[in-house]
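*Asks:* Protein chains in written order, with my numbering: chain A, 2 to 264; chain B, 2 to 264; chain C, 2 to 264; chain D, 338 to 617; chain E, 338 to 617; chain F, 338 to 617.
There may be inaccurate statements among the hints.
[Unchecked claim] Stretches of chain C that chain A covers, calculated by requiring three or more beta carbons in the stretch to come under 8 Å of a beta carbon on chain A:
| id | region |
| --- | --- |
| 1 | 15–28 |
| 2 | 229–239 |
[As the list claims (entries may be wrong)] Label-pair distances were calculated between CB atoms; the ranges are:
| id | chain 1 | residue 1 | chain 2 | residue 2 | range |
| --- | --- | --- | --- | --- | --- |
| 3 | F | 556 | C | 117 | 38 to 48 Å |
| 4 | F | 494 | A | 171 | 34 to 44 Å |
| 5 | A | 88 | F | 556 | 33 to 43 Å |
[Stated by the list, open to error] Lysine to aspartate or glutamate pairs mimicking DMTMM-like chemistry, simulated, CA-CA at most 20 Å apart:
| id | chain 1 | residue 1 | chain 2 | residue 2 |
| --- | --- | --- | --- | --- |
| 6 | D | 368 | B | 135 |
| 7 | A | 200 | C | 235 |
| 8 | F | 399 | A | 135 |
| 9 | E | 528 | E | 365 |
Hints in this document: simulated from the structure, not taken from any laboratory.
Note that the coordinates shown come from a computational prediction; the quantities given were computed from them, not determined experimentally.
Note that beta-carbon positions come from the ideal geometry of N, C-alpha and C, so glycine has one too.
Read off the chains here:
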Amino acid sequence: MFVQALLIGLWAGLAGIDQFNGLTHIHRPIVTGPVIGLILGDFTLGLMAGATLELVWAGMVPLAGAQPPNVVIGGVIGTAFAIITGQDPAVAVGIAVPFAVAAQASITLIFTAFAPVMHKMDVHAKNANTKGIDHLTYIQPILLFGFFFIIAFLPIFFGAEQAAEIVSLLPEWLINGLSVAGGIMPAIGFAMLLNIMFKWVYAPFFAIGFVAVAYAGLPILAIAIVGVAIAAYDYFIQDNVKPEPVTNTQTTIDDEEDFSDGI
Amino acid sequence: MFVQALLIGLWAGLAGIDQFNGLTHIHRPIVTGPVIGLILGDFTLGLMAGATLELVWAGMVPLAGAQPPNVVIGGVIGTAFAIITGQDPAVAVGIAVPFAVAAQASITLIFTAFAPVMHKMDVHAKNANTKGIDHLTYIQPILLFGFFFIIAFLPIFFGAEQAAEIVSLLPEWLINGLSVAGGIMPAIGFAMLLNIMFKWVYAPFFAIGFVAVAYAGLPILAIAIVGVAIAAYDYFIQDNVKPEPVTNTQTTIDDEEDFSDGI
Amino acid sequence: MFVQALLIGLWAGLAGIDQFNGLTHIHRPIVTGPVIGLILGDFTLGLMAGATLELVWAGMVPLAGAQPPNVVIGGVIGTAFAIITGQDPAVAVGIAVPFAVAAQASITLIFTAFAPVMHKMDVHAKNANTKGIDHLTYIQPILLFGFFFIIAFLPIFFGAEQAAEIVSLLPEWLINGLSVAGGIMPAIGFAMLLNIMFKWVYAPFFAIGFVAVAYAGLPILAIAIVGVAIAAYDYFIQDNVKPEPVTNTQTTIDDEEDFSDGI
Amino acid sequence: MEYNNQNEEVISNEIQDPSTEKVLTKKDLNKMVWRSLLLQSSFNYERMQGGGWTYSLIPGLKKIHTNDHDLSNALQDHMQFFNTHPFLITFVQGVILAMEENKEKRETIRGIKVALMGPLGGIGDALFWLTLLPITGGIAASLSAEGNVAGPIIFLVAFNLVHFFLRFFLMHYGYGMGTRAITVLKEGTKKVSRAASIVGMMVVGALVASYINLSLNWTIQAGEIPVDIQGEVIDAIMPGLLPLLYTMLCYWLLKKGRSPLTLIGMTIVLGLAGSILGVM
Amino acid sequence: MEYNNQNEEVISNEIQDPSTEKVLTKKDLNKMVWRSLLLQSSFNYERMQGGGWTYSLIPGLKKIHTNDHDLSNALQDHMQFFNTHPFLITFVQGVILAMEENKEKRETIRGIKVALMGPLGGIGDALFWLTLLPITGGIAASLSAEGNVAGPIIFLVAFNLVHFFLRFFLMHYGYGMGTRAITVLKEGTKKVSRAASIVGMMVVGALVASYINLSLNWTIQAGEIPVDIQGEVIDAIMPGLLPLLYTMLCYWLLKKGRSPLTLIGMTIVLGLAGSILGVM
Amino acid sequence: MEYNNQNEEVISNEIQDPSTEKVLTKKDLNKMVWRSLLLQSSFNYERMQGGGWTYSLIPGLKKIHTNDHDLSNALQDHMQFFNTHPFLITFVQGVILAMEENKEKRETIRGIKVALMGPLGGIGDALFWLTLLPITGGIAASLSAEGNVAGPIIFLVAFNLVHFFLRFFLMHYGYGMGTRAITVLKEGTKKVSRAASIVGMMVVGALVASYINLSLNWTIQAGEIPVDIQGEVIDAIMPGLLPLLYTMLCYWLLKKGRSPLTLIGMTIVLGLAGSILGVM
Ligand SMILES: OC[C@H]1O[C@H](O)[C@@H](O)[C@@H](O)[C@@H]1O
Ligand SMILES: OC[C@H]1O[C@H](O)[C@@H](O)[C@@H](O)[C@@H]1O
Ligand SMILES: OC[C@H]1O[C@H](O)[C@@H](O)[C@@H](O)[C@@H]1O
């Protein structure tokens with residue numbers, strides 16, 4: 002079992018990277034299913050389990066960074082258990098979901114904890130050290146690889162119950178708390194953005210954008226359209242009302258002065 | 002039966018014109034009912050059938066050009082069959098509705114097919130040929146007369162079943178397709194309007210009007226009010242920021258010049 | 002019973018004042034209950050009846066001047082009858098509510114009828130007669146005292162049935178009519194405000210505020226935020242487009258003139 | 338204040354005879370009220386009431402623009418898309434005739450016309466189609482149902498009293514209002530035409546989103562997953578996207594010199610194709 | 338920059354004594370906090386808290402405007418429609434007193450006053466009537482229900498701690514904020530009064546649509562067809578139409594010289610008529 | 338036209354080397370397409386894709402800004418909050434690179450970047466996550482379910498055809514569009530940067546209200562009365578109040594010189610506290 006668990010772990014690691022980087026979507030159950038099938042020696046069952054799990058995860062996609070139950074772990078563990086235990090793929094879903102949910106929480110956690118790395122990057126940016134930025138860029142993918150490897154390896158190697166116990170060691174309040182913190186975190190990003198962008202003259206537009214979402218529930222595109230409309234109007238009227246170039250008058254006066262002098 | 006069918010056809014033709022031109026509403030079942038009653042020799046039954054059909058068609062009115070099941074054909078055929086077959090007016094509704102729906106489709110079709118006539122009118126407009134416009138104006142009413150005459154005459158003359166068969170000859174996809182086209186057609190009208198009205202300075206207002214309906218679902222009146230508010234604001238600020246008339250200064254300078262000259 | 006009814010009346014009068022002036026909230030059932038209990042000799046029962054009635058009236062508060070069933074009368078009469086008749090406080094609610102509703106109607110009536118007093122105040126304001134305003138200010142509290150005294154005294158003294166009869170003498174159409182009038186009345190206040198504030202240049206903003214509530218149902222705060230945003234934008238652009246101070250040029254010209262004179 | 342305007346040549350703004358005499362008499366106005374009965378005589382889905390609207394104005398326009406160039410300009414302008422409630426049309430006529438008589442800029446006239454037609458359409462539908470008609474019809478029906486011949490008579494009288502009173506009253510009222518408004522707005526014609534265009538363009542934007550009926554009725558069955566293209570995809574991107582895109586396509590084709598007839602053909606083909614494929 | 342303003346004479350903008358000394362002491366402000374307890378003493382449906390609001394300001398206004406003409410102007414101005422949450426009133430007092438002391442234009446003061454009252458009304462209702470009161474009341478009730486005399490005591494203490502703390506704190510806070518704001522905005526009084534008026538007018542427009550309770554409860558039975566006049570007709574034309582029209586009617590009558598008392602009489606007659614006819 | 342701007346020093350607007358040569362080749366652009374695959378490589382909840390976005394631009398920025406001061410400025414600027422759909426990213430890259438190459442003001446670049454990211458995020462999610470993926474996945478699943486090995490193959494091919502075609506096409510399309518737009522907008526850089534900032538700030542305002550997930554899940558049981566703090570109190574005052582306040586708090590702390598790391602610590606403590614107390 003060790004070799005197979007190892008192979009599955011490696012695949013999960015790759016898929017885990019692909020879920021966020023590359024996005025070729027080899028990480029979806031439809032692909033992962035047959036791959037696991039191959040590893041565990043039952044390609045067709047893997048294919049079919051992958052199909053079932055693909056449908057379960059249809060529409061469960063990360064919007065604006067919010068993580069749904071993890072599709073990689075769901076696909077890998079679901080298929081593996083379907084083949085190992087010889088259960089119907091539909092039953093395997095039940096086994097896969099708690100692991101997928103745990104992975105979801107952990108990734109939220111990783112994305113929360115990763116914020117400080119940005120500040121390392123800031124320093125490199127300040128120093129125009131692009132190599133430094135490049136290097137920092139590779140950290141998270143490696144981390145994700147390790148993480149997905151472990152989460153996939155353990156339950157295959159030790160069996161689901163033992164693995165579930167290990168998973169359950171993560172305290173609820175911590176996971177929940179970090180996920181709450183993750184939800185709030187963009188406020189810092191916006192504050193930093195405002196720190197650069199904010200001028201009092203632009204404050205009214207911030208307010209209008211905010212009200213349009215908070216009260217009227219308009220989607221961002223609608224706000225951007227209205228924003229462009231307002232900006233264009235503003236652009237045009239500033240044009241219209243450009244005061245007559247006074248320089249002209251000034252020149253006349255200067256000429257005048259010269260003239261008087263000349264007398 | 003021929004004379005009666007003829008008379009009914011004539012009345013339907015008149016009513017058909019009135020539905021779009023004149024709008025005295027002699028075309029509503031409440032009036033059409035007793036008229037058909039008179040023709041077919043049972044005034045009271047016509048009166049009562051008209052009342053029933055009037056209620057059926059209450060609220061079925063053409064909004065923004067969209068055609069409901071045709072009230073003229075519904076009223077005429079409904080009443081006629083109620084009297085001829087001696088059925089209860091309520092039953093007559095069931096017979097009238099398919100004809101009314103077919104007429105609805107056909108009128109949509111006529112209004113779709115009539116667009117090219119506008120381009121004849123354009124030519125006359127260009128040539129300031131008002132007589133030409135006048136003449137083209139009379140085409141559609143005459144057409145409507147003929148159309149309603151036939152649609153009313155046939156089923157009375159041949160009997161409902163035969164007529165229904167004829168009606169059903171129109172292929173579904175054609176009627177549906179033309180009605181879809183009719184729904185899209187105003188885009189051309191707006192494009193032509195924009196072709197004349199559009200300037201980039203006004204584009205922001207187009208965008209705001211569009212967003213206000215598409216996203217916020219505001220009715221046109223609300224948009225017009227906001228539009229007037231914006232226009233008035235714009236009007237006033239253009240006033241405010243009118244640069245001080247430079248002519249004044251200019252004059253002083255000219256005086257100056259004269260004065261200097263005078264020395 | 003007379004002394005007790007008198008004491009209860011006095012307390013109701015005070016509470017009636019407190020409901021609108023002072024607002025220390027001694028008028029809530031939670032306080033009124035034990036006080037009535039003391040007066041009628043069963044403090045604990047009063048305390049508990051007060052608790053029950055407090056919960057009944059939770060959330061029944063006057064928003065934007067609209068009167069809910071009167072909490073003072075509800076609390077006083079509810080508690081008193083609970084103690085006198087020895088009924089369960091929950092039953093007392095049923096007795097209290099009609100009186101509370103009658104009091105609600107009467108207060109709406111008082112607030113409607115009180116509008117003319119404002120015009121007395123206007124005269125004093127015009128004459129800068131602050132003493133006059135002060136004196137008029139004390140009228141309504143005194144009136145409320147009397148009103149609440151009577152409404153509380155009568156049913157305790159005569160018993161609920163007799164009192165209910167007296168209450169029912171008020172004709173329905175009158176009470177309803179005055180409350181309708183009260184609902185419309187703010188229009189006069191706004192008209193007077195507009196009479197002072199209105200200028201055509203500001204009309205667009207009035208229109209936008211109106212549309213935002215009437216059509217989009219936005220709350221006042223949202224409108225105020227957008228209003229501040231618009232006002233700020235307007236403030237800033239007026240800044241931007243301020244025509245170059247012409248005085249400057251003017252001065253140059255004057256200097257010029259002097260200079261020429263000097264020659 | 339130079340907005341690059343490539344359309345100026347479409348309908349020229351220039352007026353050859355700018356004299357602004359009062360030439361319309363009460364009789365002229367009344368004549369045009371009668372003509373307004375044919376407002377929908379050329380109804381079609383491209384311009385809706387544009388033809389009938391022009392027809393209704395002809396006597397006035399002829400008297401105002403004795404110069405053929407100006408008349409042609411006016412006629413061409415009015416021939417564009419127009420739609421409002423048929424009972425309120427005379428109000429628009431009145432206002433517009435006063436402006437024509439005063440030789441306002443075509444741009445201003447157009448802006449006001451478009452700004453009026455949208456709201457009046459909605460108001461008229463609410464007042465007459467959805468209120469006056471059901472009320473008079475309902476009362477008449479309850480009489481007729483008892484065999485009372487008064488039903489249809491009362492209906493026709495009551496309904497048309499309102500109807501014709503409005504037509505005549507609104508023509509003269511609108512004309513008066515137009516005349517008065519003009520005197521007030523006289524000063525800055527450039528500014529007034531800008532204001533009219535602002536409102537007009539907002540209304541056109543709103544009409545594009547509300548008048549054009551173009552949506553897909555198309556659900557892709559991807560294996561077991563149904564995907565509703567209109568509801569789940571297009572509307573998620575932007576509601577009203579298709580009407581907007583189609584209008585822009587038409588506008589672009591017109592600019593490219595394609596004739597409106599081509600666009601009509603294209604639209605009909607589109608409709609038929611959509612119908613045959615079962616996706617519209 | 339001449340906006341034709343025919344109302345200037347209603348309450349003159351002119352200040353006879355424009356000296357801007359700091360005359361208000363902490364004691365003065367505290368005195369006006371106590372007066373603020375009578376904010377609703379003259380509550381009525383025409384001006385709501387207008388009378389009590391003026392009453393609450395009197396000591397300050399007298400000290401600031403030693404000139405009778407100016408005092409009269411201020412009093413008349415404050416006597417207009419006013420309504421906000423009674424616990425937040427002292428914040429408005431503070432801001433306005435700072436502005437009065439600085440002899441800001443009446444227009445500006447009015448604009449700020451109106452701009453503040455609307456939002457603070459809603460916020461206060463949410464915070465105090467719908468949160469603080471149920472919470473303190475609920476806790477107290479659960480004590481009282483067990484016969485514990487601490488119930489009412491805890492209620493009164495907790496509630497009024499918040500209540501009176503707010504009154505005093507907000508007065509001084511508002512006054513400080515007003516004073517600071519003024520220094521910032523000093524430069525362009527014309528522009529500031531314009532900004533204040535913009536927000537004020539938007540709030541008034543919003544209040545017209547939300548405060549006036551005028552709708553028909555009237556269903557016409559046209560034969561068998563029921564027509565709900567408010568829901569199907571008026572709202573289809575424009576929601577809030579009746580409040581708007583009635584406000585405009587009142588405004589027009591005031592302009593015509595009718596006294597507000599006449600309007601009150603008219604309104605009561607309307608209410609009674611509506612009630613008797615059963616349509617309101 | 339002096340807007341008091343205290344932030345100018347944060348990222349300087351000054352460009353030391355303002356020469357605007359065309360230095361980017363097709364190859365450079367393609368290289369950056371490949372880099373764009375790591376857009377989410379540093380994903381985190383503070384700046385989301387800010388790090389990966391900067392990473393993806395590095396080859397271009399280095400070639401454009403040969404001056405270290407300018408390069409540092411650009412890198413710091415791009416390192417800020419960024420989030421959009423990963424498949425549409427190359428379009429933003431293209432536009433921004435064209436602007437960088439043209440040495441537009443940092444303010445303008447920032448405004449355009451922010452203005453693009455919000456709408457493209459929503460559009461991309463609708464098009465790719467919620468449409469393309471379920472459709473290709475669904476079709477493939479129905480093949481796989483029958484044991485047909487074509488399922489996964491067709492899925493990968495079809496999906497990535499669209500995916501990679503878009504990445505390459507949009508990069509060049511965006512770059513071309515950016516270049517063209519610049520020529521049009523050339524004249525008034527001050528006015529263009531103002532316009533960009535207006536849209537950018539509106540989008541940021543909107544994102545604050547929609548991206549930050551901060552609400553209380555807290556019901557106070559006051560005796561028998563349950564008070565839902567979020568639904569009945571906070572939302573009644575203002576929806577989105579907490580996200581707004583928290584953003585303002587962070588902004589204020591940054592201004593006070595606190596480091597972003599402190600803010601992250603604070604946020605995590607807040608999250609944990611909220612979680613332990615069970616109110617978030
Ligand atoms: O919403 C835009 C974008 O946000 C985040 O970056 C991720 O959740 C992406 O999957 C998503 O497309
Ligand atoms: O909607 C306004 C108007 O549109 C079209 O012209 C027709 O449907 C009319 O019946 C309707 O009143
Ligand atoms: O709505 C604000 C305010 O309006 C009126 O003044 C009263 O109903 C108060 O109780 C309320 O707080």
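*Asks:* Could you run down the list of hints and mark each one as holding or not?
*Replies:* Checked hints:
Coverage of the region 15–28 of chain C by chain A is violated. Counting CB-CB distances below 8 Å, 0 residues qualify, and the rule asks for three or more. With 7 residues carrying a beta carbon less than 8 Å from a beta carbon of chain A, the region 229–239 of chain C meets the three-residue requirement, and the given coverage holds. In this structure, residue 556(F) and residue 117(C) meet the distance hint of 38 to 48 Å, their C-beta atoms being roughly 47 Å apart. Restraint check, residue 494(F) to residue 171(A): a C-beta distance of roughly 39 Å satisfies the suggested window 34 to 44 Å.
At about 41 Å, the CB distance of residue 88(A) to residue 556(F) agrees with the hint of 33 to 43 Å. Using a Cα cut-off of 20 Å, the hinted pair residue 368(D) and residue 135(B) holds, with the two alpha carbons roughly 14 Å apart. For the hint linking residue 200(A) to residue 235(C), the alpha-carbon distance of about 15 Å falls within 20 Å, and the restraint holds. Of the pairs offered as hints, the one joining residue 399(F) and residue 135(A) holds, with about 13 Å between alpha carbons and a cut-off of 20 Å not exceeded.
Restraint check for residue 528(E) and residue 365(E): not satisfied, since their Cα atoms lie roughly 31 Å apart, outside the 20 Å limit.
When held up to the earlier numbered hints, the structure conflicts with 1, 9 and fits the remainder.
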